[in-house]
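A.B. asks: Sequence:
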Amino acid sequence: MDILNEQMWSEESINYCINPKCQQRQNSDGLDICETCNTPLLINNRYRAVRRLHQSDRTEIFELQDWGYGESGCDTPKILKVLTDDNDPNLIRLFQQEELILRQLQHPGIPKVFPGGYFTFETIDGNRLHCLVMEQIEGKNLEQWLQKYGRISQEQAIDWLKQLTNILKYAHSQGFFHRDIKPSNIMCCPDGTLVLIDFGAARGIKSDTYIDKYQISDTTLILSSGYTPPEQLNRAAIPKSDLFALGRTFVHLLTGGHPNCLVEDVTGELIWRGLATQISVELADLIDDMIAVNSQLRVQNPSTVLQRLAEIECGNPISNWMRKAARKINLINNYWGLNQRNSSRVQLGIGVSLFVGVTAFKLFAPNWAISFNNCATNSFIADKLNRAQLCVNLSLMMAPDLGESHYIQGLIFDANGDYQAARNSYEKAIRSVTDKSLNNLARLDIMEKRYAAAIPRLEKGLMLVKEVDLKSTLHKNMGWVKLEMGNYQEAETQLRSAIALNSTRAAAYCLLGRVQEAQKDSRGAFMAWQNCLKYAPNEKYQPELDRWVIQAKNRLEVQGNDAMISISTP
Numbered sequence: 002m003d004i005l006n007e008q009m010w011s012e013e014s015i016n017y018c019i020n021p022k023c024q025q026r027q028n029s030d031g032l033d034i035c036e037t038c039n040t041p042l043l044i045n046n047r048y049r050a051v052r053r054l055h056q057s058d059r060t061e062i063f064e065l066q067d068w069g070y071g072e073s074g075c076d077t078p079k080i081l082k083v084l085t086d087d088n089d090p091n092l093i094r095l096f097q098q099e100e101l102i103l104r105q106l107q108h109p110g111i112p113k114v115f116p117g118g119y120f121t122f123e124t125i126d127g128n129r130l131h132c133l134v135m136e137q138i139e140g141k142n143l144e145q146w147l148q149k150y151g152r153i154s155q156e157q158a159i160d161w162l163k164q165l166t167n168i169l170k171y172a173h174s175q176g177f178f179h180r181d182i183k184p185s186n187i188m189c190c191p192d193g194t195l196v197l198i199d200f201g202a203a204r205g206i207k208s209d210t211y212i213d214k215y216q217i218s219d220t221t222l223i224l225s226s227g228y229t230p231p232e233q234l235n236r237a238a239i240p241k242s243d244l245f246a247l248g249r250t251f252v253h254l255l256t257g258g259h260p261n262c263l264v265e266d267v268t269g270e271l272i273w274r275g276l277a278t279q280i281s282v283e284l285a286d287l288i289d290d291m292i293a294v295n296s297q298l299r300v301q302n303p304s305t306v307l308q309r310l311a312e313i314e315c316g317n318p319i320s321n322w323m324r325k326a327a328r329k330i331n332l333i334n335n336y337w338g339l340n341q342r343n344s345s346r347v348q349l350g351i352g353v354s355l356f357v358g359v360t361a362f363k364l365f366a367p368n369w370a371i372s373f374n375n376c377a378t379n380s381f382i383a384d385k386l387n388r389a390q391l392c393v394n395l396s397l398m399m400a401p402d403l404g405e406s407h408y409i410q411g412l413i414f415d416a417n418g419d420y421q422a423a424r425n426s427y428e429k430a431i432r433s434v435t436d437k438s439l440n441n442l443a444r445l446d447i448m449e450k451r452y453a454a455a456i457p458r459l460e461k462g463l464m465l466v467k468e469v470d471l472k473s474t475l476h477k478n479m480g481w482v483k484l485e486m487g488n489y490q491e492a493e494t495q496l497r498s499a500i501a502l503n504s505t506r507a508a509a510y511c512l513l514g515r516v517q518e519a520q521k522d523s524r525g526a527f528m529a530w531q532n533c534l535k536y537a538p539n540e541k542y543q544p545e546l547d548r549w550v551i552q553a554k555n556r557l558e559v560q561g562n563d564a565m566i567s568i569s570t571p
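Residues in the sequence shown are numbered from 2 upward in steps of one, following the numbering used here.
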């Protein structure tokens, strides 16, 4: 897609004719009509184009003067983006969609559009131009920044990655992803803040699951070589595609080399670390996890990236040698393509070797157990289940009765679909991690239709819980069991309590949609299902949520809404 770059044309600040067919487009000050083609120079009765900033074969971008004195936002510097090709319906749709999306996204890291910012403009020869007025972003794009200042430091990388990840977290939470992230589409303002521009390729999250279970065919291929992930090349972009492109962008910024110029290994992964020796192993690990060719191995969502960055900044409590050993397991798996059976043997061998070394320090076993438990917790949060399993095994070797480690082991079994093993681990953890274990056991009870067993667990959990998010989840699960039992009024009460405690979790909305449908409240159900799909992208995978999201999509389609996230004029 087209980008806003700051390479100014050499024209003076004058009245500029926006008719692309005009032979002499520069006009003197004070004129209302182009001297060459008679096209009005006062655009939409308000704006004058004073400088052309960018031109491609399909769009042009102009700096504007706003003559709407007294109108809202008249003092804000603006640009005009003009679509000069009126013959391609897909381009027109994307152009109109950009305005609709930007109107719904209100974030300092995203350009603003203004009321009435989209309009069409008829030239004197009958050519219809599609126009979009938006906020002008001062500064340089990161491609230009890199050319001037060179590759970035670790401190700069962490700051920028946090800024951009927060922008993506917001956009994804609102139901949209960008699809064209690259250095030239990121502006660095004079105060150091970053702005993500060019949402012309953005789209609603229309997947049947929250991240990448349901890849959608898209007739419009958006390609930025070196940054576009494999699934997008197959017209199946997903929200994780943004994380891949963002990771590739930081490879470029950290090495100074375009991703296309870097060598790939036999699996298709970039070999780049040797060119970015200024950053830590942990930051390099994070970026590698963002740019995994296989989207299922990629970082789950922006929240996970932010969590990993926080850990890098504050320091990881596990020892350096443990971190390196765990990393080597992943490197062996990636390079040699070991099957699951062989991979497990390698991990077991490393685990045994580590255990033999640690036995010489039996006096410190309790502290080591806590360190390994922290490793397991952080690895699970970062979606590194193999590393988490290795760490939790070592923790339980040191302290077989450590409830926290049994709880993490339960989470790992749960994520892998081994529900009986998960149940056994939660039962062992219940004395130390009571409220969370009760909640997770109740969830398994509901999945197995053991409703009578689930209710007392949830009631006890609600009496003990202190953490707000967990309390919300307990109310959600209580609403779920009441729904399955046909008690719709109590189910609605519990689900609304869950939403009141945390209004950004998808599951309660998904269930509320089912409840309100059963109560014949079609409007309420429609709104609940929209919120279900809106917030689903940031959730970790759970099979029941997977099913609920499919149900929500199907219900919305039945009601005439064929988009997962409605893009409509407010």
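A few of these clues could be false.
To be verified - Straight-line alpha carbon distances no greater than 25 angstroms define the calculated SDA-like cross-link-like pairs of lysine to any residue that follow:
1. 541 / 451
2. 541 / 276
3. 467 / 434
4. 450 / 425
5. 170 / 155
6. 541 / 505
7. 170 / 541
8. 467 / 371
9. 450 / 436
10. 149 / 128
11. 450 / 497
12. 113 / 155
13. 521 / 470
14. 22 / 149
15. 141 / 128
16. 163 / 136
17. 541 / 470
18. 541 / 556
19. 141 / 185
20. 170 / 231
21. 163 / 489
22. 149 / 276
23. 113 / 91
24. 521 / 490
25. 163 / 22
26. 541 / 386
27. 472 / 556
28. 472 / 547
29. 170 / 149
30. 113 / 125
31. 113 / 64
32. 472 / 521
To be verified - Label-pair distances were calculated between CB atoms; the ranges are:
33. 520 / 457: 37 to 47 angstroms
34. 154 / 461: 26 to 36 angstroms
35. 420 / 88: 48 to 58 angstroms
36. 298 / 38: 53 to 63 angstroms
37. 311 / 467: 19 to 29 angstroms
38. 295 / 25: 48 to 58 angstroms
These are computed hints drawn from the structure, not numbers from a lab.
Source: prediction; values computed, not measured.
By construction, the Cβ of each residue, glycine as well, lies at the ideal position given by its N, Cα and C atoms.
A.B. asks: Compare the structure with each hint and give your call.
C.D. replies: Here's how the hints hold up against the structure:
About 24 angstroms separates the Cα atoms of residue 541 and residue 451, which keeps this hinted pair within 25 angstroms; it holds. For the proposed pair residue 541 and residue 276, the alpha carbon gap of about 33 angstroms is over 25 angstroms, so the pair is violated. Only pairs whose Cα atoms come within 25 angstroms are accepted, and residue 467 paired with residue 434 is accepted, the gap being roughly 12 angstroms. A distance of roughly 18 angstroms separates the Cα atoms of residue 450 and residue 425; the hinted pair therefore holds under the 25 angstroms criterion.
Only pairs whose Cα atoms come within 25 angstroms are accepted, and residue 170 paired with residue 155 is accepted, the gap being roughly 22 angstroms. The hinted pair formed by residue 541 and residue 505 meets the criterion: a straight-line CA distance of about 13 angstroms does not exceed 25 angstroms. Of the pairs offered as hints, the one joining residue 170 and residue 541 holds, with about 14 angstroms between alpha carbons and a cut-off of 25 angstroms not exceeded. Simply put, residue 467 and residue 371 have alpha-carbon atoms about 23 angstroms apart, close enough for the 25 angstroms limit, and the pair holds.
At most 25 angstroms may separate the alpha-carbon atoms for a hinted pair to count; residue 450 and residue 436 meet this at roughly 21 angstroms. Straight-line distance between C-alpha atoms of residue 149 and residue 128 comes to about 40 angstroms, which puts the hinted pair past the 25 angstroms bound. With a C-alpha separation of about 23 angstroms, the suggested pair residue 450 and residue 497 falls inside the 25 angstroms cut-off, and the hint holds. For the given pair, residue 113 sits about 30 angstroms from residue 155 by alpha-carbon distance, which is inconsistent with the 25 angstroms threshold.
For the proposed pair residue 521 and residue 470, the alpha carbon gap of about 30 angstroms is over 25 angstroms, so the pair is violated. At most 25 angstroms may separate the alpha-carbon atoms for a hinted pair to count; residue 22 and residue 149 exceed this at roughly 36 angstroms. Restraint check for residue 141 and residue 128: the C-alpha separation of about 33 angstroms exceeds 25 angstroms, so the hint is violated. A C-alpha spacing of about 23 angstroms is found between residue 163 and residue 136, which places the hinted pair at or below 25 angstroms, so the restraint holds.
The hinted pair formed by residue 541 and residue 470 meets the criterion: a straight-line CA distance of about 14 angstroms does not exceed 25 angstroms. For the hint pairing residue 541 with residue 556, the CA-to-CA distance comes to about 23 angstroms; that is within 25 angstroms, so the pair holds. A distance of roughly 9 angstroms separates the Cα atoms of residue 141 and residue 185; the hinted pair therefore holds under the 25 angstroms criterion. For the suggested pair residue 170 and residue 231, the alpha carbons sit about 22 angstroms apart, so the restraint of at most 25 angstroms is met.
Distance restraint check for residue 163 and residue 489: the Cα-Cα separation of roughly 42 angstroms exceeds the 25 angstroms cut-off, and the hinted pair is therefore not satisfied. Distance restraint check for residue 149 and residue 276: the Cα-Cα separation of roughly 19 angstroms lies within the 25 angstroms cut-off, and the hinted pair is therefore satisfied. Pair hint residue 113 plus residue 91 holds up; C-alpha atoms about 23 angstroms apart against a cutoff of 25 angstroms. Simply put, residue 521 and residue 490 have alpha-carbon atoms about 12 angstroms apart, close enough for the 25 angstroms limit, and the pair holds.
For the hint linking residue 163 to residue 22, the alpha-carbon distance of about 44 angstroms lies beyond 25 angstroms, and the restraint is violated. The hinted pair formed by residue 541 and residue 386 meets the criterion: a straight-line CA distance of about 13 angstroms does not exceed 25 angstroms. For the hint linking residue 472 to residue 556, the alpha-carbon distance of about 29 angstroms lies beyond 25 angstroms, and the restraint is violated. For a cut-off of 25 angstroms, the pair hint linking residue 472 to residue 547 stands: about 22 angstroms separates their Cα positions.
Pair hint residue 170 plus residue 149 does not hold up; C-alpha atoms about 29 angstroms apart against a cutoff of 25 angstroms. Between residue 113 and residue 125 the alpha-carbon distance is near 30 angstroms, which puts this suggested pair outside the 25 angstroms criterion. Using a Cα cut-off of 25 angstroms, the hinted pair residue 113 and residue 64 holds, with the two alpha carbons roughly 15 angstroms apart. Under the criterion of a C-alpha separation no larger than 25 angstroms, the hint pairing residue 472 with residue 521 is inconsistent with the structure, at around 28 angstroms.
Against the hinted window of 37 to 47 angstroms, the Cβ-Cβ separation of residue 520 and residue 457 comes to about 26 angstroms, which falls outside the hint. As the Cβ distance of residue 154 to residue 461 is approximately 51 angstroms, the hint placing it in 26 to 36 angstroms is violated. Residue 420 and residue 88 have their C-beta atoms about 56 angstroms apart, which keeps the hinted 48 to 58 angstroms range intact. Checked against the given bound of 53 to 63 angstroms, the beta carbons of residue 298 and residue 38, roughly 56 angstroms apart, stay inside it.
Separation of residue 311 from residue 467 is about 22 angstroms and conforms to the stated range, judged on CB atoms against 19 to 29 angstroms. At roughly 54 angstroms, the beta-carbon separation of residue 295 and residue 25 lies within the given 48 to 58 angstroms, and the hint holds.
Consistency with the previously given hints fails for numbers 2, 10, 12, 13, 14, 15, 21, 25, 27, 29, 30, 32, 33 and 34, ordered from lowest to highest.
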